[in-house]
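With the hints as extra help, turn the sequences into a complete structure.
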Amino acid sequence: MSSALGINLQRMWWRHKATHPTLQALLSEPLQSQPFQQTRYVVIDLETTALDPEQGEIASIAWVVIEQATICLNQAAHYHVRLEKEVGQSAVFHQLTDSDLEQGVHIKEALAALLPVLSHSTLVFHNAHLDMGFLNKALRALWGAPLLLPVVDTLQVERKRLQQRTEAISAGDLRLFQCRQRYGLPDVPLHDALGDALATAELWLAMQH
Amino acid sequence: MTSDPNHPEIQAVADFLRQCLPFNELPEAALQETARQIRIVYVREGHPFSAAKDEYCLRIVRSGAVEIRSSRNQLMDRLGEGESFNIHGLEMGEEGVHAQVIEDSLIYQLPQVHYESLRARFRDFDRHFHSQRSRRLRRAARYQPNTNMMMLPIDSLVSRNPLTLSPDASLQEAALAMTGRRVSSVLVMEDSTLCGIVTDRDLRSRALAKGLPLDTPIRAIMTPQPQHIESSASLFDAILLMTQQGIHHLPVLQEGRVFGIITSSDLMLARKDDPVYLVQHLSRQTTTDGMRAIIETLPNLLVEVIKGGMRAHQISRVLTAISDTVTSRLIELAIEELGPPPVPFCWLGFGSQARGEQLIGADQDNGLLLDDRATEQDRAWFTQLAQRVCDGLNACGYPYCNGKVMATTDEWRQPLQGWKTTVDQWTRTPTPDAVMRVSIFFDLRAVYGDPSLCQRLQQHMLLRTQKDTIFLAALAANVLEQTPPLGIFRRFVVERNGEHRDEFDIKKRGVMPIVDLVRIHALAHGVAAVNTRERVQQLKQKKVFTIGDGRNLLDAYDTIQQLRVENQSRQIAAGHPASNYLNPKDLPELERKHLKDAFTIVHDSQEALRNRYRQGL
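If you read the sequences in order, they're chains V and S. For the record, in the first sequence the residue sitting at position 205 is 205 according to the working numbering, with numbers rising by one throughout. For the record, in the second sequence the residue sitting at position 266 is 266 according to the working numbering, with numbers rising by one throughout.
It is worth saying that the hints were derived from the structure and are not from the lab. Bear in mind the structure is a predicted one, so any value in this text is a computation, not a measurement. Glycine included, C-beta positions come from ideal geometry on N, C-alpha and C. Careful, some of the hints might be misleading.
[Stated by the list, open to error] Per label pair, the in silico range of CB-to-CB distance:
id : chain 1 : residue 1 : chain 2 : residue 2 : range
1  : S       : A30       : V       : V157      : 35 to 41 Å
2  : S       : M92       : V       : L9        : 43 to 49 Å
3  : S       : R44       : V       : H129      : 29 to 35 Å
4  : S       : K53       : V       : V157      : 27 to 33 Å
Following this line, the structure appears as structure tokens:
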């Protein structure tokens, strides 16, 4: 309870700091707490050039939308972001090259497209900590405030579930594709931001049962 | 990378759709657009779908499994990963059709407007949803690949360096040259171009018969500007041209120059690997070793003829002819040693040999039927015969029968009267053991000896069974124990992680259920044929099967047998012995679908059989 109060206080504070009208509006919306069926979710995945927001940048951002327990792919989006620095090591993971990303958009454009999508929504990530770190850093730099919205982290949901079943959790067990396997979801070979956002969204649907 | 960020390519979905019938036929742009229209839901085991309660859309199973059931709750189909259904469309075909999720499923839904737009724009896509399951299967069963031995180019068969002479050479010179080279024709060349041909026949009919002097130039008797063929032509072209023109020698040209000559005997030789010729070859062998050497080549030959496009029923006919020949040859060799048989007899083939449906790896199922006049002493002669033939068959690669269904077993080597008594016993008290023997025994055929003996036994048998509903019901109960493994497709979808080897015996679970159920109908209606295809034909004529049912059953049979021989061919090519175990994972998507369609038909036919003999069961 105290944390809900805390969040509301923080939201009030940042609302006045925010310089982008949509970001302001988002921070003014009442916090959602509705059953799964009625909740709108935006499932987001980022690709970044490092694991630390202080060192890396967002290379691409993709999202899919869940409305009435249905993933609506016609609302999906996928932005490649033009990098300030070079891709470096993570190109190995994401199979992106510097030249791929030269064609991307400025991070400002991608996030400006994201903000209106988030209205009256709950965010979903697999490993929210990492992605929220990058998003908030970028948002604060651009428009003076972080995203203080309800967040679901499928990784934490699964961790809690496994802990409740008192199963030993070993390294890698909580990776997106390991989690999917436990719910009988199919393997998906692709590894881009949109593919992972979709994979996370399907996992979130499967977790409701 | 250049696509609109708000209109992205969803590769994960597009890649999946590309593996699904009939989406695999769509052009890339339409596929990508379709992927963007998908709406994904996750449904739990037991969740129903019906036309009345759910929105109109095409539902594609991404993972999990779904059953389609009729209004009477009969199973119509079972769908797994990559398969789709439109519950409203199904409902239009048959009222009350509904679907039920039988394993938690991820369902990709394509909304009505987009689904219908695809059907309007792409004919093949539309046809897929239009066609009935049985229609799709029929096309598969009738499909003939056009790669065929007859389509091979002739250049490898052509005799290069043919005998050539100038038109001024004399008749005698030509005759001497032809004799010297042991050929039956000579090409007549002027300035290195072909101007005529002279054959043995020309020398006979145009020179000798007319009494021409030996020094007459061959120009006088040659066929000028003869028919010829290009070296790139196929074996088929060459045979066609020769038969149309009634000629036996065909000069082969390459870019206008003489390349060689091809004769009708070259064409015969070209087909020496044809299994049909093996029969002839086998019948000339005088030792078991000689026969075994030929039988050992059969697996590789099977791989070749399947590549060449031969169909399963043709292959099994040839393989049965081969085992018949080996059997007959062994009997002849035994008679040479034992002396002539003391009384008339008939060597019987049972099971797949009787039906003409043998494949590679068949074991022995045989028996001996003796004339009733056979004395105790005569019967000792036949014991020796049986021993030699069965040993010989085993040595040639037809292993002994595990169930001892062989002429060496006393029960399977009897005079006609004895056989009749046995049949009477089996039918009167259909114990499980008797029923099993009967199902082997009732497919019988005379392989060697006096076929009238076999006929009389078969007539007695049909007379006994035709009206005996209790016996038929016992037989039906036995047959219905083996069901096609429809469930394997569901498991196949679910257990994709390789922990479970989903192999099954395609003979036992696919072929035999059809053979068995067709046999029962044949016995019940006095059909004397033993070959499954012939039985179905006759049952159709007797109106036991509707034309549609009969055709579907045959298509199912052909499809399963075809997959079975192709599977064996793959095993052999991979260096493994041919077996009847098939892993559906090894099948391409379309074949898996065909196999499943076939199993569904078998399943339906078994249901019909169950209903027909229910009162006896």
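Cross-check of the supplied hints:
no.: 1; hint: S:A30 with V:V157: 35 to 41 Å; result: holds (37 Å)
no.: 2; hint: S:M92 with V:L9: 43 to 49 Å; result: violated (59 Å)
no.: 3; hint: S:R44 with V:H129: 29 to 35 Å; result: holds (31 Å)
no.: 4; hint: S:K53 with V:V157: 27 to 33 Å; result: holds (30 Å)
Checked against the numbered hints above, the structure violates only hint 2.
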